[in-house]
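All letters in the sequence shown, in the order written, are residues -21 to -1, 1 to 69 by mature numbering (1 follows the signal peptide of the UniProt record, and there is no 0).
Hints in this document: simulated from the structure, not taken from any laboratory.
Check each hint, because a few of them may be wrong.
Pairs of lysine-lysine residues, derived as BS3-like cross-links and limited to a Cα-Cα distance of at most 30 angstroms, are as follows [claimed, not checked]:
#1 K32 with K47
#2 K47 with K36
#3 K53 with K36
#4 K31 with K47
#5 K31 with K21
#6 K48 with K32
#7 K42 with K53
#8 K53 with K31
#9 K31 with K48
#10 K48 with K36
#11 K32 with K21
#12 K31 with K42
#13 K32 with K42
Restraint-style ranges between C-beta atoms, simulated for each label pair [said to hold, decoys possible]:
#14 P(-18) with A28: 46 to 56 angstroms
#15 I19 with A58: 50 to 60 angstroms
#16 E18 with K47: 35 to 45 angstroms
#17 A49 with A(-8): 50 to 60 angstroms
#18 K36 with H15: 20 to 30 angstroms
#19 I(-9) with H15: 26 to 36 angstroms
In this text, a Cβ means the ideal position worked out from N, Cα and C, and glycines have one as well.
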Amino acid sequence: MNRPKGVVLLVAIAIATNAWAQAAAPADQGAAQPAHSDEIVKMRMEVAAANKKYDQKVAAARKVFDHKKAEAAKERDAAIAAAHHGASAQ
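Please work from the sequences and hints to get the whole structure.
Right, here's the structure in full:
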């Protein structure tokens, strides 16, 4: 009878330990990443930073493109509407 109680106690401790570790993890992730001594890690961090900057520039360019495209579509639609009204008036 003592054996099942011991197993339950061990499982409860294991679950509590995991929950505590997960609760402590987000605080560490929010902090700025310290400089790393490993060259490969440094390289990957630099690549990630370059990719992030690239993605930001692409997003900004895409916004400008979408705006210009919408302006061109308005002009085209106005010209098509004018052509349709001009053809039906004759």
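Here is what the structure says about each hint:
no.	hint	result
1	K32 with K47	holds (23 angstroms)
2	K47 with K36	holds (17 angstroms)
3	K53 with K36	holds (26 angstroms)
4	K31 with K47	holds (25 angstroms)
5	K31 with K21	holds (15 angstroms)
6	K48 with K32	holds (24 angstroms)
7	K42 with K53	holds (17 angstroms)
8	K53 with K31	violated (33 angstroms)
9	K31 with K48	holds (25 angstroms)
10	K48 with K36	holds (18 angstroms)
11	K32 with K21	holds (17 angstroms)
12	K31 with K42	holds (17 angstroms)
13	K32 with K42	holds (16 angstroms)
14	P(-18) with A28: 46 to 56 angstroms	holds (53 angstroms)
15	I19 with A58: 50 to 60 angstroms	holds (57 angstroms)
16	E18 with K47: 35 to 45 angstroms	holds (43 angstroms)
17	A49 with A(-8): 50 to 60 angstroms	holds (57 angstroms)
18	K36 with H15: 20 to 30 angstroms	holds (26 angstroms)
19	I(-9) with H15: 26 to 36 angstroms	holds (34 angstroms)
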